[in-house]
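S.K.: Chains as they are written, first to last, in the working numbering: chain E, 1 to 115; chain D, 116 to 231.
Treat the hints with caution; some may be incorrect.
[Stated by the list, open to error] If you only want the chain E side, here are some residues facing chain D, beta carbon under 7 Å, derived:
(1) G42
(2) L43
(3) T103
(4) F106
(5) P108
(6) G109
Calculated directly from the structure, the hints in this document are not laboratory data.
No experiment lies behind these values; they were computed from the predicted model shown.
In this text, a Cβ means the ideal position worked out from N, Cα and C, and glycines have one as well.
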Amino acid sequence: NAGVTQTPKFQVLKTGQSMTLQCAQDMNHEYMSWYRQDPGMGLRLIHYSVGAGITDQGEVPNGYNVSRSTTEDFPLRLLSAAPSQTSVYFCASSWGISGGVETQYFGPGTRLLVL
Amino acid sequence: AQTVTQSQPEMSVQEAETVTLSCTYDTSENNYYLFWYKQPPSRQMILVIRQEAYKQQNATENRFSVNFQKAAKSFSLKISDSQLGDTAMYFCAFMGYQGGSEKLVFGKGTKLTVNP
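Work out the full structure, taking the sequences as your base and the hints as a guide.
M.R.: Next up, the structure:
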């Protein structure tokens, strides 16, 4: 049971480049989400999904796209990277409301630097 | 919208002593969950303790306990017998059910340093 995994661990991009941050979980969790962590800002919700085929926006969704084709995977896409997207990105998962357990499990994070 | 406030950006404590981290939140919901997460230098987010709002009894996990004051919307974390490994960022978080889906809202964190 690997829990929540994220790849890559670290990435450097040039402004305007696109990339996908991968997130996978093997706990059969319904709920998955993406956060970004900036210095002095805590974690902020980007997008989330309550199940396969269902996604919604969080607090800071601009510049990011998501899709949820399977229960296990929840990739985050940066269409045209900007320096303001330099951050540490965390993926999290949980059983969700129907599972009755609200604790979210976090991945190890992806550190992204946009030049 | 819910907000979470941690008023202490940094704190320090001597090893083996007790320290309390403060957290206040704002919500109009009656049923919700509160969490404390620990983030060591490795950046991994580790759940320390959770509290269900409908429970009057304060949650405890070994050396970690909370003081949950629902009317005051306060949720402080007490760490007893502090250890060097407790050095980390600590985040208070709120989870409600706006719009039928759960969303986790974090405070800005408190950097705790345990000194030998």
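S.K.: Now tell me, hint by hint, if it's right for this structure.
M.R.: Hints, verified against the model:
no.	hint	result
1	G42	holds (4 Å)
2	L43	holds (4 Å)
3	T103	holds (6 Å)
4	F106	holds (4 Å)
5	P108	holds (6 Å)
6	G109	holds (5 Å)
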